[in-house]
Structure formats: C-alpha cells, structure tokens
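*Asks:* Chain residues, written in single-letter form:
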Amino acid sequence: MLRYLIKKLLFMIPIIIGSTIIIFLILHLSPGDPVNMIVGPNVTPEVYENISRSLGLDKPLTTQYFIFLGKLLRGDLGQSILQKRPVLDIVLERFPRTLTIGVFSLLLSFSIAIPMGIIAAVKRKTAADYMSMSFSLVGISMPTFWFGLLLLYFFAYKFRIFPLSGYETWKHYVLPVITVGLTDAAVTARMMRSSMLEVIRQDYIRTARAKGVKEIIVITKHALKNAVLPVITLLGMRIGWIFAGSAVIETVFSIPGIGRLMVDAIFSRDYPIVQGSMLILVISITLGNMLADILYALVDPRIKY
Amino acid sequence: MERKVGRSLGLLLVVLLTVTSFLTGCGQSSGDPDEPAVKELVIAFDRDAEILDTIKTSWFSDGLIYIHDRLISRDYEFNYRPGLAESWETSEDGLVWTFKLKEGVKFHDGTPLKASDVKFTIESIIDPEVASPSASDLAAIEKVVVKDDLTFDIVLKHPFPNLLFILSNTACGIVSEEAYKKYGDEYGVKYVVGTGPYVFKEWIKGDKLVLEKNPDYNWGPDWMENNGKPIIDRIVMRVIPEESTRRMELEAGNVHILRNVPASFVEELAGNEDIEMIRGDATKLCYLAYACDKEPFTDVRVRRAINHAINKDEIVNYLLRGVGQPAYGYLPPALKSEYYDGSKTDSYGYDVEKAKALLKEAGYENGLQLTLSAENTSEFKKLAEVLQSQLKEVGIETTIQLYDSSSYTDMLKEGKQELFIRLYSWPNADILDYFLLSSQFPYPNHSRWLDEKTDELIKKAAGSATWEERAAGYHEVQKYLIEQAVWAPIYIPDSVLAVRKEVKNFKFHPWIPQYNDGFDLGVE
Chain D
0 MLRYLIKKLL
10 FMIPIIIGST
20 IIIFLILHLS
30 PGDPVNMIVG
40 PNVTPEVYEN
50 ISRSLGLDKP
60 LTTQYFIFLG
70 KLLRGDLGQS
80 ILQKRPVLDI
90 VLERFPRTLT
100 IGVFSLLLSF
110 SIAIPMGIIA
120 AVKRKTAADY
130 MSMSFSLVGI
140 SMPTFWFGLL
150 LLYFFAYKFR
160 IFPLSGYETW
170 KHYVLPVITV
180 GLTDAAVTAR
190 MMRSSMLEVI
200 RQDYIRTARA
210 KGVKEIIVIT
220 KHALKNAVLP
230 VITLLGMRIG
240 WIFAGSAVIE
250 TVFSIPGIGR
260 LMVDAIFSRD
270 YPIVQGSMLI
280 LVISITLGNM
290 LADILYALVD
300 PRIKY
Chain W
0 MERKVGRSLG
10 LLLVVLLTVT
20 SFLTGCGQSS
30 GDPDEPAVKE
40 LVIAFDRDAE
50 ILDTIKTSWF
60 SDGLIYIHDR
70 LISRDYEFNY
80 RPGLAESWET
90 SEDGLVWTFK
100 LKEGVKFHDG
110 TPLKASDVKF
120 TIESIIDPEV
130 ASPSASDLAA
140 IEKVVVKDDL
150 TFDIVLKHPF
160 PNLLFILSNT
170 ACGIVSEEAY
180 KKYGDEYGVK
190 YVVGTGPYVF
200 KEWIKGDKLV
210 LEKNPDYNWG
220 PDWMENNGKP
230 IIDRIVMRVI
240 PEESTRRMEL
250 EAGNVHILRN
260 VPASFVEELA
270 GNEDIEMIRG
280 DATKLCYLAY
290 ACDKEPFTDV
300 RVRRAINHAI
310 NKDEIVNYLL
320 RGVGQPAYGY
330 LPPALKSEYY
340 DGSKTDSYGY
350 DVEKAKALLK
360 EAGYENGLQL
370 TLSAENTSEF
380 KKLAEVLQSQ
390 LKEVGIETTI
400 QLYDSSSYTD
410 MLKEGKQELF
420 IRLYSWPNAD
430 ILDYFLLSSQ
440 FPYPNHSRWL
450 DEKTDELIKK
460 AAGSATWEER
470 AAGYHEVQKY
480 LIEQAVWAPI
490 YIPDSVLAVR
500 KEVKNFKFHP
510 WIPQYNDGFD
520 LGVE
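First to last, the protein sequences are chains D and W. Numbered according to numbering that gives the first Met the number 0, the first sequence spans residues 0 to 304. Numbered according to numbering that gives the first Met the number 0, the second sequence spans residues 0 to 523.
Just chain D, same shape as in the assembly (with noise of 0.2 angstroms):
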C-alpha cells in the first residue's frame, strides 16, 4: 500500500508538470495583455517594456515557463501583476472556503444519493424509484446557479433561515452546500442505480437469497459492496466537477474562494494567479483521485496494491 501510495505521489508531478504546460500555453496564447491592465492608453513603448520587462514578459515563452516552473520548485508561485502580493498567500487564504464547500458537499452527496440508488434499484418500479429516478433528473437538468439562488430566494429572503451572502459563520456554507451536494446526489444516484441494479442480477446475490438470508442483509453486505464501486470511481470525477463549479456557486452566495478569484484573474490577465489557482485545484483533484483509489482498496479486498 505504501508504495502504491510513493508511486502514485510520484506520477503525480507529471500529471502537474503537463498541467502547468496546458494552463502557460493557453494563458499567454490568448489575446489581451497584463501591461495594459496597468498602463494607461497612451503609455510611451518605453514605459510598456520596461514594465513588460519588470514582469519577465519580454522573455521568450519557454524561458517564461523555465522560471515559472525553477520558481515553483521553491514553493514560490510568483506575485499578482495587480494585487502585487504573494500568489500563494492570496490563493491559500481563499482556498479553504472553497475546499469546505466541496468537501461538505460530497458528504451529502454520496449521504443522500447512496441510499436512494439502492432504494431505487431494490424496489424497481415501483413509485420509490420513479420518486428519486425523477429526484435525480430534475437535478440533472437544473443549473446549479438558479438553483442555488432558488434555495436563497427561500431559505435566505423569504423565511431568513440562512445569510444571504457572505461567508464568516457555518450558516453561510449551508445553502452553498446543499446546492452542489444536491445536484450531485443527481447524478450519484443514477449511477448507484444502475451500479446495483447490475450487482443484484449476479449469481451470488441469488445464492445468498436461496441460502435464506436476510432481504437487507444481502442488500447491504453482500450487493453494496460490489455496487458502490464504481461510485468510489466517480468520487474522483466528481471532484473535479465540483472545483470546476466552484466559480459559479461562489459568485450566486458571495463567497471569495478560489473559483472566483481564478475568473477574475482570467478577465484582469493576471497570470500568475490564475497559474497558482489552476496548480492548486490540478493538485487537489489529483489528490482527490489518490483518496478515490485508497477507499476502493478499502473497499474491494480484490484490489491489492
């Protein structure tokens, strides 16, 4: 296991070292500059370069990368253009806000969508299934935004459960929350669904049936395990998908995570953020990965590493 674990920690920096290549190319290959989010109009061409030159933007693309990459190594993500502070201390102070947000959200995720595939999956049509079957595609279909300002339309103006935007107390992560791990239990569920509906047709789930065991029994310990495999699997997709969202559910609730400040640096051009935000979500969805591969050798006694 350690040294699945070693190997896998190492394939990491390929995977990182790709990554920063895609984030650099498609950074400084897209039009718009950071100098002339400085300057003004009529800057002089002596100005433009120095300033350009200040911030190592006259070097060839390559050499750019190379100290990029020489910089990195030494923990330093470089300094924003416009906020001329530290990448790394701007985007680890956001960076909490939006890892509570995913994690708390796959908790409820996987909490509501497990069971209910199961239910739906035992108890196939039958109006259980059709409930959650039709559950899962209403969630599907809504995009997260409007949902999530549905949720604070209710919760947050009508009734004043929960604050509308800000993110000081936990009550301010609550409708975030239940707004991505909801419309992720949607998708979750329909996997475990058909991830169970499979397991129950095998033949052990017969002979433990003819055996005489228990409904639930066979349900829980016999067919879940098997079932909620491909899950696990997806767990690792989902929190890719759910970092990628982050953007759109932070700017509906307020919130100043990491999503937020990674468009507004794209808008602004400000490099450097955007390279040390993408960096730390490519490390987290990777690592998220190595915890998807841990719990299914957890799981599955099958998988040994």
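Please keep in mind that the hints were generated in silico from the structure rather than gathered at the bench. Even glycine gets a Cβ: it sits at the ideal position worked out from N, Cα and C. Don't take each hint at face value.
What the hints assert, rightly or not - The calculated DSS-like cross-link candidates involving lysine-lysine, where the alpha carbons are at most 30 angstroms apart (straight line), are:
id, chain 1, residue 1, chain 2, residue 2
1, D, 83, W, 212
2, W, 180, D, 70
3, W, 412, D, 83
4, W, 503, D, 157
5, D, 83, W, 181
6, W, 212, D, 157
Claimed, not checked - For each label pair, taking beta carbons as the anchor points, the in silico distance ranges come out as:
id, chain 1, residue 1, chain 2, residue 2, range
7, D, 20, W, 360, 26 to 36 angstroms
8, W, 184, D, 69, 17 to 27 angstroms
9, D, 21, W, 391, 34 to 44 angstroms
10, D, 114, W, 424, 52 to 62 angstroms
11, D, 62, W, 398, 37 to 47 angstroms
12, W, 269, D, 20, 49 to 59 angstroms
13, W, 376, D, 28, 16 to 26 angstroms
14, D, 20, W, 271, 31 to 41 angstroms
15, D, 20, W, 365, 26 to 36 angstroms
16, W, 351, D, 45, 32 to 42 angstroms
17, W, 128, D, 30, 21 to 31 angstroms
18, W, 224, D, 21, 54 to 64 angstroms
Given chain D, put chain W in place with the hints provided.
*Replies:* Then chain W, alone, in the frame of chain D:
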C-alpha cells in the same frame, strides 16, 4: 474487514471535518453588529478594485472618493468649487495657476497636508516611469512648484482651462508622500492614507472594504450641508457579484444602497415601499462605432446611412425599459455648458428609406456584409442583436462577434474591428480628445478617425483661455462630428440608485456620490 472499513471511513470523516473547520478559521467574526450606537452604512457593488492606489489604477473603488480629498470639488450643479485648495488664480497667459491650500488639514496618520504632497501626487501621475493610467489627463502639466507649505504653482505647457475638472477627479485625490513612500508595494493593499472624511480600516479583496469616519474632519467643501465630520460612523462596501443576490440583500435590509441598478430591476423594486429609486442623468454614452479608415466606412454616406438605420426609441423603450434616453450627439446632455444644444436637430432620425437611398448612392444597393463586435455582457449582447436586426432592414447583414473585455481591447488595438459597440462614462468634453484626436490612433482612437479638421477644432477648443470659450469651441467640434457621422450615438442610460428608507437626507450627485454630505442612517 467490514469493521475496519467502517472505522477507516469514520476516521477519514473526522479528519476531514477537523481540517476544514481549522482551515476556514471558524469564528472570525468582524465588527460588532450588536452595538446599536454604530451607524454602519452598507453599499453593494458588483466588482472589487484591483488596488486602492489612485495613482496606479484605472478602476476606482468608491472607497477612494471618501479616503481622499481633492484640490477642487464639484457641487450638485457641476460647478467647480474649492476642495483642499482654498483659492486659486491664473496668470495672464494662462500658463501658471497658483493654489492656496486650506490650513489645518491633516492626513489620517496625523501628519499635516503640505504643498509638497500635492507636488508628489501630481508629479507621480505624470511621471512616465510610473505609467499611471491617468497620465494623459494631466499631460498639459509641466511641473508643480512649491512656494511654501500651503502655496504652490501648477505650471502648464499650454493654456488648459480644463485643469479644474482634472483636479476634481478621483484620480487626483491627494496622497501622503510620506506614507506612499514608506509603505511601498503595500500601499493601496494594506495601507491607504488620505485626508478624506473616512479612514481606511480593512480591505478583504473580493469581499469588502471597511472605512471608518475621520473624527478630526472639518475641512469639507463649503457648499456641502455637512462639511464637518461624517454622521455615519462606518461604511462597508461589499462585493456581491450576482445581481439577484445584491437585490435580495437590499430588500432584506442588509444592504442600504445599490449603485448602477440594472434596468430590469427598476420596475420591480419600484413597488417596494422600503426602497427609493433615485434616477438622474448619467454622464455616459453608448454608441455604435466603425473603423472610419476602412471601406465602406470611408464614405460619409454609408456612415450616415448607419445612423439613419438605428431606431433609438425602440432600443430605449424595450431594451432599457425606459431607463435612459436616446442619444443624438457626442456628449451626454448632463454636461450642460459643454453639450451642444443643436445635437438633436442636426442628428439623423430613424429613416429606413433614407438609409437605403444613401447606401444605393454610395454604390451598395446590393447590401453589405459586416461584422459587429461587442463585449460579452448581457447588456451589449442584447443590443448587438437588436442592432443586427435594425441594420438588416436597410440591407446591412452583420455577424456578431463577442469578446471578453481584455480581448476586446486587444482586438481594437490591432484594428480588426468593423462595426463595434462602445459605452463611455466620463463627465467632461475632453473625452472627444481622448477618442478622436489623430494622435490617439490606433487606440483609444478605435473608430480610426484621422481627420485634420477634427484635430484643429479640438485643439482650438481645448486650448481656449476661458471655460466659456472652451465650451463654445467644443460645440463646434460636436456639430462637425455629427455632420461627419463619425459614430452612431444610441443612448444615454439613466444613473439609477436604489436607496433604503433608513438612509436619510440622501442627495443625488451627477458624478460622485457624496456620503459625507449630511447623510444619516436611521438605526432601529
């Protein structure tokens, strides 16, 4: 094995919970909301500033208006009145302006305001090495000469009656030389030091800016109802990017003032008794521009045809829902003396037949195929679609191309534009210099208008000896631009503020809201 799995999962959960609660720093509450005596005014904005440094930004947070004072102030009627400068006089040739500062003015750090701080502020803006976005506004200034602690001369390169306007802008808020040098890169991020009615307290980027009243303040402009210390103790400027969330916060009473209320909210909020909608003329202009140095726009008949093709009333009534007015000239009428009164009569009315006839005369009877570029915001996207259908009626087919703001600027600099939508927000006629002088080519003269007569008229107006002569000169400029159909002006949006009833004595200012002017907050 099962128990092991269960335990591991449980452990994982606990770890996750601990880590996240630790990371989010639970319990970091701010302020003391329970204390009833504190009058805290909350204003919501859609975006935050990048940096709170007047010298280095082109996106001014409202906070900078309250943290700093300016040499000149502008009253509700747009007259230039004393600010930090108590009095001033101009030399006969108009090249030297001598200013006298008010006595007893102190920066927030306790140091007195001196003429050297003014020199530092102005000369930093015009220093090419600093590359301030406001440098071009102050281009007429050669230097500042300090005569004594409270007296200084501004020496100009040429007569420049618009100096008072420039000095009254947010960009010319006087900063403390000592603090600016002392804090270096942290100035504008962690520290901002001015002489204004409010003191910088805290800035959490992307979240809020907190200002507290300056208890020593007693040097506000004379024309204000309250020129002493502010009545409101604290101003919190919150960033709430989503407009529906902003609106709910306002209706719930957590936000007192919204600026730039979208047209779609105006009718809906009008029904709420707790909220007053304050509308006034904005100093903005939205127009359709085109690359005048490219075919077919080199032909004035085509430019006029485009002007005739636009149904402004339809746009104002349906797109803006009446929250604005059609634009006829090149400046907003709110600029009063600078605005050319003949704009409407000289302009091109909506007339499809005339547009078609002009296109035919210019040799385009078979129609035109053009691209129409705009910034990718819901406002401009909708406008582009309406313009597309209106232009189609006269035989101009367009393909819409949308850009994010940074790419849009880049595209305009590279000169790839054909038809494009722009909106400017500026309270002075010198905006025409900025956009239309040939020395500004190719950017910001993005309509690529290279015309000797325009240069001549603008330079004559800008270099006039007095404000009146200058205004008359700019009337000539506007008349000529309308005749040449350099742009197709479309509309002037209303400036709309939504103010909750707890805010007392609020007054509309056409350019800068003055929250120090006797505004009060009813605390319940």
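*Asks:* Check each numbered hint from earlier against the structure, then list the numbers of those it violates in ascending order.
*Replies:* 6, 7, 14, 15, 16
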